[in-house]
Amino acid sequence: MKYTLLLSFFLTQVCITFGQTSIIGTIRDNNGDPVPGANIYFEGTFEGCTSDTMGKFSLTTTIASESVLIISFMGYKQYRQALTPGELPLVIDVTMEELTKDLGEVVITVGTFAAGDESKSAVLSTLDLATSSGSFGDITSAISSLPGISNPGEEGGLMVRGGERYETATFIDDMLADDAFTAKIPNIPVRGRFSPMLFRGTVFSTGGYSAEYGQALSSVLLLNSIAMPKKDELSLMAHTSGLHFSATKKWDRTAFSTSTGYNNMRLLYALVNSNIKWQQAPVSFSENLVFRQKIGRNGMLKAMGAYGYDNSSMYYTVLNTGEDVLYKMKNHNYFLLATYRDQIGKEWILHSGISYGKDDLLMGIQDTATYDKHKNTTELKLSFAGPVSKKIHLNVGASLFIKTLTQDYTSLPGEDVFTSDFVSPIGAFFTEAEIKLTKRISSRVGARYETLSLSNEAYLSPRLALACKTTQYSQISLGYGHFYQQAQDDFLIYNNDLKSEKAEHLIANFQYRRNSRIFRVEAYYKLYNKLVKYDSLYSIEASAYNNHGDGYARGIDLFFRDSKTIKNGDFWLSYSLMNSERDYRDHIQAMTPTYLSRHNLSIAYKHYFEVADSYLSMGYTFYSGRPYVDPNISKLVQQETEALHNLSFSIFHFTEIFGKFTMLFAQVSNVLGSNNIYGYRFTTTPDHSGRYRSEAILPVSRRFFLVGIHVSFTGQTEI
Amino acid sequence: MLFILLSIAIQARANDTSYYAVIRNSLELAEQEYSIITFQNLANTCDRIITMREKEWLPVYYRAYAYVNMAYMTEDEEEKDRLLDNAQASADAAYKLNPGESENQLLFALICYGRMEINPMFRATIYYPKANAALEKAKELNVKNPRIYYLEGKSTTYKPAFMGGGPEAALPIIEKALQYYKEFVAPYDIFPQWGEESTIELYQDCKEGIKEN
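Chain order of the listed sequences is A and B. Numbered according to my numbering, the first sequence spans residues 4 to 722. Numbered according to my numbering, the second sequence spans residues 66 to 278.
It should be emphasised that the hints constitute simulated quantities derived from the structure, not laboratory data. Errors might be hidden in some of the hints.
Claimed, not checked - Covered stretches of chain A (chain B as the covering partner; in silico rule of three or more C-beta atoms under 8 Å from a C-beta of chain B):
#1 42–51
#2 512–520
#3 657–667
Glycine included, every Cβ here is placed at the ideal spot set by N, Cα and C.
Put together the whole structure using the sequences plus the hints.
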């Protein structure tokens, strides 16, 4: 064989000497610019060459008969020319025709912020959710630094584009989690019940979302739980307000995780002054069990069980009497969820789910009223998604969501118990198609049909979205839709006939994204209808409630993020201008909701220090003054508080303690000690001098801090 | 009979070496000058061979390898991702043609490192474990492939100490790589052989790094 090889080598040499032809030339594009890297060869041969940086090439060949010369390069139309290489060198100058540039996939981004590491369109990473400064591990506070979200300190949760907290619905693995937040007591912000660590790939929509999701007027938060953990884990976290333990065991096709948390705010409130007079500082306990099983080739069963317990009590000043009353809250919450996903045929996906939720809430005001609420929710859901043609992707499904609520109300100890209840099934069907109209334009057309037997309603909500790629890096999108949400439990329980509230969204969005820099601007208009109105908050008469409210919200959101310019640094800025008026609840006319600031600015900077193995995160938020009504001045004209500022720091230091991967962390909010006032409460009747006395609504404490340690016994925790 | 079959098989193999010389040429050019053009030239060469020899593993392998290297030399992130998409497509194809070859796994690892580099904040959590899994898979296929330990040593060197990285932790891995490079015998002359010089450099850097501490 060696001999043959040698021979053939010899022969080639001979041929080159005698029958060699050179072809030289230059390759240019339509603009006359050189095309480097093009592949130049004769059809059916291995031999060829590549054009250099000036677009020049020189091809030597032994071919003598007529052949086809091919010049090809990605993004250009292939050039072909039949020629017979002669004895003399040939000179060929070629202009290559550029094909329409492939601008990449069009992704509908209107109203959507994706977080997570899998998706290329993600704006936030899982790490962001966990380490955002001042987030204190709450998934929602990290998200609330995105534009379009009001973050009133006494409320918590996600209040989107002029909407109230309840207008944002949370879905876990596409199933509605009705109690994703802890129960609300006056002036204490709620917290998300679920740890950010349970999820990969979070999508937060500030409007115009898919027809798959209903029962949300303003916004949806879509949390996708981890499909299959990557390895076994055992970790312990201890900080100034609590203890957390989590463990994961992974088998070949099965995984099981548990995470247990205990929080007690007592130590913190012993160290910092609280503006709340606690009798029992908040104590909470949570347990999450997660089970995963792969079934067959592509099937995946996910099951989750969550239990949460909250207990706190505080003294609340009744302004009219000047007395402190004891306000108690005790809450048990259970949420069970199982979803199964499998592939049908080659391309279709089946998604099915069942969930059960139970919420027992006891709220009591000492020596006066107690509310004992028991809520059950059950959901069944089935959907199919897949392509019907190359350009059309369909998602169809149905769900049944049943809520039962019973409330025992006692106005005074020993008085009769006033029981109210309701059972409300909501049936829903949705269908939605994503249609690629052209290479640059994609659209989403959908509709959701919901039927509510309690209020005897049925409605159809259209949902539309359109995205157009303007360049390789930018695109514009439009969104429109109708969104309905059943009246809140607190009103529905007294008046079962209340209709659903309605919102219409119209959104326009521009996004530019290149080299780890994202800029987006979004303008929106939201119209509210059929909002619930009532005469007075605590009325138990059905006639006190109606659907005569309405309102609007409009504004502009800006978001800029740059994780490129500074090495190991990450900067982001979000600003929103919000304008909204509502005539709802007990408003006597259309007014701006008290939780809404007109200007909202959030700036964050994160830096990873390689030398110190530390990660520093800083955040500054600014909210312009919040509106309130001072009856001493006018009951019709709103006043404004001073602007609110908050500068916060978080530091995470990574190290090894006894050979275990350890993270030390510290977070502190309101470093500058700004005296933030959220608004004022007034007495309902004037005193003898004719004045309404007032009290400022203050943060739970002027400054928060958290110091802690996280030890992983199984190596680096995957964040 | 068996003898005839065997000799036909050998002949078929021998025939398929016809494109070796072209690859050899392009590889030599790429070795002389580490640039986008020389690697584009390697990719072009492979493209020409692939159109005529669909079932051959080597040209598909080198096409992926060329695109990975082009991606490493490219600054623009979108372009880098595009080149890595190209590399991924060929690496997947190479894996299908020759699933038992550990070199394919190293391609997967190289692609992961490239993806990660674009935005470590977002991507490290996804691609670092993926790259590690590929290296582990490569060990299962050929535990003595020196390039596994070169890549493992390199990623260990630059990993922070608290995560079990650093020059000290990397040194034994790099030494292993060096030893296996010595023992490694390529089945034929243009079989993948990259990494030895870089391993020697890495070894020196590591030793200096340890001294500094």
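Verification of the supplied hints:
| no. | hint | in the structure |
| --- | --- | --- |
| 1 | 42–51 | holds (count 7) |
| 2 | 512–520 | holds (count 3) |
| 3 | 657–667 | holds (count 5) |
Of the numbered hints listed earlier, not one is contradicted by the structure.
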